[in-house]
Amino acid sequence: MSRVMVVGVARYLGARLARLLAEDPKVDHVIGVDVVPPSADLGPVDFVEADITTSAINSAIARSRPDVVVHMNILATRADAGGRVPQKEINVIGTMQLLAACQRSETVRKLVVKSSTAVYGASPSAPALAAEDMVQNAAVRRGYEKDASEVEAYVRGFTRRRPDVDVTILRFVNVLGPAIRTVLSEYFVLPVVPVVFGHDPRFQLIHEEDCLDSLRLATIESRPGIFNVAGDGFLVLSQALARAGRVPLPLPTLGSPVVRGMLRQAGIADMDSVQTRFLTYGRGVDTTRMREHLGFVPRFSTVDAFDAFVEARARGGFLDRERVAAADQLLRSVLGLNGLPDRASGDERGGVTR
Amino acid sequence: MTSMFDFFGGDMARRAESVLDFARRRLTGEFTVDPFGFDEELTENVLLPALRPLYRNWFRVDVRGIENVPADDAALVVANHSGTVPVDSLMTQLAVHDEHPAHRHLRALGATLVFQLPVISDLARKSGSTLACNEDVEKLLSSGELVGVWPEGFKGVGKPYSERYRLQRFGRGGFVAAALRSRAPIVPCSIVGAEEIYPMIASADFLARLLRLPYLPITPTFPWLGPLGLVPLPSKWTIEFGEPIPTDEYPDGAADDPMVIFELTDQVRDTIQQTLNRLLDGRGNPFF
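Chains A and B supply the protein sequences, listed in that same order. Heads up: the first sequence begins at 1 in the working numbering, then just goes up one per residue. Heads up: the second sequence begins at 1001 in the working numbering, then just goes up one per residue.
Simulated from the structure, these hints should not be mistaken for laboratory data. Don't take each hint at face value.
Computed beta-carbon distance windows for the label pairs [to be verified]: (1) A:Y154 with B:F1154: 29 to 35 Å; (2) B:P1258 with A:Q103: 41 to 47 Å; (3) B:F1031 with A:L251: 23 to 29 Å; (4) B:G1144 with A:G336: 40 to 46 Å; (5) A:A153 with B:L1211: 33 to 39 Å; (6) A:V247 with B:E1249: 53 to 59 Å.
Quick caveat: nothing in here was measured; it's all calculated off a predicted structure. Here a beta-carbon is modelled for each residue, glycine too, at the ideal position from N, C-alpha and C.
All chains should be built: construct the whole structure from the sequences, respecting the hints.
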């Protein structure tokens, strides 16, 4: 009964979502679009090669006549696009072309956009929890944050011009999990991780499976609106590094050319000012609307998502859990603490103070 | 099994064990922070104990009216701000935690500057502080937290010694609007003693502008004595919590009525000023 077009299937999440939708009984047909053929096997998904930054996307939509268009082609890292200029081209011009084609189409009745909580920026003057209607001072944004804000502005314009089309914007926090590769995942597998001295940013994560499930929900059900999507709970950077057994290297800033050069040498996709600010001030988003109106409950909390990532990708660090446990055991046996009777775990806390 | 602790007794062994447990949890990241970055375990075990000597032995804080702080409901504690370096908010946090039978954590509100500075911003969030903005206050109050606000801000902490115990303007009354919206009572809190810790005789305005700070204090000891000038003078402190001012008797929409906000702001301010005057009259030497 429905034909879904997924734009951006050459990348990990796009390819996974296209396959997931193709297997769903509520979806008849899935068309995958990207500028290059996907490396992953798309199974029953029809692949259409089209450049989103040109009018080729218009003819692709006119030919395949989808009911639902899922826009997965907003790139967070410039390395993925091959530089900041093509990144902006793909994000902004690509979205404009896609929206122009959707506006022209007679078949499209729903649009789902994978956006990012980067639209809120990261700053010391931000409230602890950003709600969906709290996007402000867009003038200070740069790079990807600016792209994401502009993309959403174009999408809002589209909503006004085609009120008959349901539009869902999902603003995701950083996606992490066993398989996905992002700037953040590559950052956490460094043996020594550069951090900003004196700042311990808070952040939320969404597990890659939850990310896909929420996109599938938005594609299949009718849930128009803007939603923050994040797993429960928070992590602070120092805590995440401890869980991954990584050694932090505090630096005065991550934004200096020297540090950026170092990070590039180490093989991380280069950090731009957007990531630098995120790793300095952190960010939190309110997920009340996700629960109450989108009707989505993530299976994995922020900590679960991070631990799943650690289990798959970041074991064996210098401060690995097992090493810490071994050192702890050794200290205990040296101090002769092993013979003590077990106590209720309740009075462990606060025991140090009093 | 014999152990070195047999000599000292089991208490010390337990102590060592809980220190080890704590260290292990820290090294493996097995703790939780709330959405505001509050790390309760770290606060209880490291941050508050580090401040306790200052609270007990240096300022010898005398706390009155702690029963005016509710045991488990939301409330907004509003206090005067002074002392050049905002130590008073830390001491109030400790006063509430240590003297209140429920050992509540006072969630302090800080200026943007606090969250820009390295180390300070980190410690502030971990000890439960957050940015003084309506969204955060309302979120904390609606989840039943005890929130502390110092509405004079830098005007209060950075005022010259000659203006001690004279309350500055109470911001724009944003804290009152937040309390009204959440229907949380306002607990006026008067702090005596903090004005004397770093008596500011002048401000190096030029340098302050250069460093983008609201003021750069010159005290009888700073910068003349170098790092030694950073040691606060050992004044004797009194923190008095006044009777809660209810906000649930106002009609709906009172939070959007500027007149109600102004009146309530003045009421809170007057209460604190009068309490300060009374406490000052009853106080002899500020240092004993």
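Hint by hint, here is what the structure shows:
Take A:Y154 and B:F1154: their Cβ atoms lie about 41 Å apart, and the range 29 to 35 Å is violated. B:P1258 and A:Q103 have their C-beta atoms about 45 Å apart, which keeps the hinted 41 to 47 Å range intact. A beta carbon spacing of about 25 Å between B:F1031 and A:L251 agrees with the range 23 to 29 Å that was offered as a hint. Look at B:G1144 against A:G336: about 44 Å separates their beta carbons, and that is inside 40 to 46 Å.
Checked against the given bound of 33 to 39 Å, the beta carbons of A:A153 and B:L1211, roughly 37 Å apart, stay inside it. About 57 Å separates the C-beta atoms of A:V247 and B:E1249, a value consistent with the hinted range of 53 to 59 Å.
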